[in-house]
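Undergrad: Below are the chains, spelled out letter by letter.
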Amino acid sequence: MDAAADTLKNTALLEKHIALGAKIVPFAGYNMPVSYSGLNDEHLTVRNAVGVFDVSHMGEFILKGDKALDLIQLVTSNDASALTDGRVQYSCLPNGKGGIVDDLLVYRIDGKTYMLVVNASNIEKDWNWISKHNNFGVDMKDISDRTSLLAVQGPKATDTLQKLTDISLADIPYYHFKKGKFAGEENIVISNTGYTGAGGFEIYFDNNLASKIWDAVFAAGAEFGIKPVGLGARDTLRLEMGFCLYGNDIDDTTSPIEAGLGWITKFNKEFTDKALLSEQKEKGVSRKLVGFEMIDRGIPRHDYEIADAAGNIIGKVTSGTQSPSLQKGIGMGYVQTTFSKPETEIFIKIRDKALKAKVAKIPFYKK
Amino acid sequence: MNFPDNLKYTKDHEWVLVNGETATIGITEFAQGELGDIVYVEIETVGEELGQHDVFGTVEAVKTVSDLFMPVTGVVLEKNPAIDANPESVNKDPYGEGWMIKVAIANPSELAGLMSAADYKAMIGQ
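Top line first, the protein sequences correspond to chains A and B. Mapping of the first sequence onto this note's numbering: position 172 corresponds to residue 180, and the numbering continues sequentially without gaps. Mapping of the second sequence onto this note's numbering: position 112 corresponds to residue 240, and the numbering continues sequentially without gaps.
It should be emphasised that the hints constitute simulated quantities derived from the structure, not laboratory data. Every value quoted in this text rests on a predicted model; they were computed, and no experiment measured them. One or more hints might be untrue.
Unchecked claim - Subject to a maximum C-alpha distance of 16 Å in a straight line, what follows is the list of computed EDC-like cross-link-like pairs (lysine to aspartate or glutamate):
| hint | chain 1 | residue 1 | chain 2 | residue 2 |
| --- | --- | --- | --- | --- |
| 1 | A | Lys361 | B | Glu172 |
| 2 | A | Lys105 | A | Asp259 |
| 3 | A | Lys187 | A | Asp87 |
| 4 | A | Lys189 | A | Asp214 |
| 5 | A | Lys282 | A | Asp49 |
| 6 | A | Lys336 | B | Glu216 |
| 7 | A | Lys31 | B | Glu162 |
| 8 | A | Lys75 | A | Asp87 |
| 9 | B | Lys139 | B | Glu162 |
| 10 | A | Lys31 | A | Asp49 |
| 11 | A | Lys186 | A | Asp174 |
| 12 | A | Lys171 | A | Glu231 |
| 13 | A | Lys336 | B | Glu172 |
| 14 | A | Lys189 | A | Asp174 |
| 15 | A | Lys361 | B | Glu170 |
| 16 | A | Lys361 | A | Asp316 |
| 17 | B | Lys220 | A | Asp49 |
| 18 | A | Lys274 | A | Asp87 |
Could you put together the complete structure from these sequences and hints?
TA: Here it is in structure tokens:
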């Protein structure tokens with residue numbers, strides 16, 4: 009083990025993953041399971057039945073105070089005033105230069121209490137950024153290190169989890185959550201969210217319950233063929249839906265307008281970069297994030313160049329994979345806006361070849 | 129993991145089966161496990177004479193791509209004709225149905241530099 013590996017953090021479930029034969033890799037400062045039974049098998053388990061991801065590396069901040077909403081409105085692009093108790097919103101943190109500090113989920117617990125869920129790799133950066141803007145006296149707590157998060161995803165997720173709670177899961181709509189008793193434990197957050205497009209819930213709880221809840225979920229899902237799912241399939245599942253991954257598709261140099269995140273950028277309030285992003289929205293941007301699918305046989309990958317028919321470079325791939333559901337190469341990337349319309353023919357430079365692809369509407373995968 | 133004693137191995141995780149003047153080449157069980165689900169094996173060097181360590185093809189898995197290297201100098205005589213239609217054979221049967229190419233060995237002295245199964249296992253920490 010090298011020096012860097014010594015500083016990696018573990019989730020409360022690392023021993024479970026090792027016992028299940030997971031391949032463990034360093035990711036965002038954590039030892040994380042990347043695969044168990046095999047990426048395609050795990051991917052299709054989520055699409056067709058139910059799978060469980062340990063995503064406890066994600067960061068959680070609690071913001072509390074009379075002006076918590078004011079702080080959130082200032083630092084995020086979406087309109088958090090539209091939230092009511094028990095609702096969740098996808099949003100991003102503009103970085104003051106037209107880029108993105110991070111993308112995140114905003115949970116309204118009550119009118120004075122919010123939970124922000126951020127990417128593991130950005131916990132410190134986000135904390136510093138939000139703290140810097142906290143001129144509102146909002147009490148901020150980073151509960152990331154003591155919070156576990158399981159994503160239970162797939163068409164059998166509700167049937168699995170309903171066995172463990174009296175809360176009617178069918179009555180929690182998409183992007184809503186409830187806090188209550190689950191697997192015999194109180195104060196568990198059950199959120200109808202996920203990163204797969206397969207349906208299901210994300211469950212937040214204290215680390216000391218991790219082992220118990222993991223076992224309870226697997227026992228409940230046994231009849232549906234529940235399986236653990238690693239980060240590899242998490243990436244292919246999200247990519248089939250065209251969901252952005254921070255660090256690949258969006259980062260400090262990409263604007264939410266370029267990234268197709270205009271729908272979470274609301275100009276009916278004041279926020280960081282409002283003027284800049286508003287101008288981009290009105291005047292248009294010179295490049296856009298698009299989805300594309302391969303016509304020629306090939307698999308697009310992060311950083312491959314995108315060319316036009318004449319061989320001019322028009323952009324770069326930000327995410328790519330072989331889609332396990334569709335059995336073809338799919339990807340996302342930034343292209344010059346003139347090439348961003350669906351069905352536009354583009355070429356992906358894969359090793360020494362320019363392979364034909366076309367701009368496609370996302371999501372790639374439809375139920 | 130299985131590393132047959134009758135094969136020779138390279139640091140790039142290829143195996144070599146020597147049969148007279150011909151070598152059959154594939155990737156090891158360890159390599160297929162590291163790559164994960166294999167989607168394509170692209171080999172466009174049939175008929176070419178390649179040097180030791182030259183790239184003879186590419187293997188594309190869902191999450192990653194890796195070059196395939198010549199364990200020995202020689203002409204690529206043929207590629208596994210079934211591998212286009214059945215790339216998952218590399219995952220399922222890396223030493224059998226998942227073989228990749230056959231090479232006419234140009235310089236038999238290179239064989240002495242390849243690893244035994246025991247040496248290879250030691251290298252990958254098995």
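Undergrad: With reference to the structure, classify each hint as holding or not holding.
TA: To see whether the hints hold, each was checked on the structure:
A distance of roughly 12 Å separates the Cα atoms of Lys361(A) and Glu172(B); the hinted pair therefore holds under the 16 Å criterion. Straight-line distance between C-alpha atoms of Lys105(A) and Asp259(A) comes to about 12 Å, which keeps the hinted pair within the 16 Å bound. A C-alpha spacing of about 23 Å is found between Lys187(A) and Asp87(A), which places the hinted pair above 16 Å, so the restraint is violated. Among the hinted pairs, Lys189(A) with Asp214(A) is consistent with the structure: their alpha-carbon atoms are about 13 Å apart, no more than 16 Å.
For the given pair, Lys282(A) sits about 44 Å from Asp49(A) by alpha-carbon distance, which is inconsistent with the 16 Å threshold. For the hint pairing Lys336(A) with Glu216(B), the CA-to-CA distance comes to about 15 Å; that is within 16 Å, so the pair holds. For the hint linking Lys31(A) to Glu162(B), the alpha-carbon distance of about 9 Å falls within 16 Å, and the restraint holds. Distance restraint check for Lys75(A) and Asp87(A): the Cα-Cα separation of roughly 15 Å lies within the 16 Å cut-off, and the hinted pair is therefore satisfied.
Between Lys139(B) and Glu162(B) the CA atoms are separated by roughly 14 Å; this keeps the pair inside 16 Å, and the hint holds. Between Lys31(A) and Asp49(A) the CA atoms are separated by roughly 14 Å; this keeps the pair inside 16 Å, and the hint holds. Distance hint between Lys186(A) and Asp174(A) is fulfilled; the C-alpha atoms sit about 12 Å from each other, no more than 16 Å. Taken as a hint, the Lys171(A) and Glu231(A) pair is honoured in the structure, with Cα atoms around 12 Å apart against an allowance of 16 Å.
For the proposed pair Lys336(A) and Glu172(B), the alpha carbon gap of about 21 Å is over 16 Å, so the pair is violated. Taking the CA atoms of Lys189(A) and Asp174(A), the gap is about 7 Å. The hint holds against a cut of 16 Å. Distance check on the hinted pair: Lys361(A) and Glu170(B) sit about 12 Å apart at the alpha-carbon level, within 16 Å; holds. Of the pairs offered as hints, the one joining Lys361(A) and Asp316(A) holds, with about 13 Å between alpha carbons and a cut-off of 16 Å not exceeded.
Simply put, Lys220(B) and Asp49(A) have alpha-carbon atoms about 14 Å apart, close enough for the 16 Å limit, and the pair holds. Pair hint Lys274(A) plus Asp87(A) holds up; C-alpha atoms about 6 Å apart against a cutoff of 16 Å.
In the structure shown, a violation is registered for the earlier hints numbered 3, 5, 13, in ascending order.
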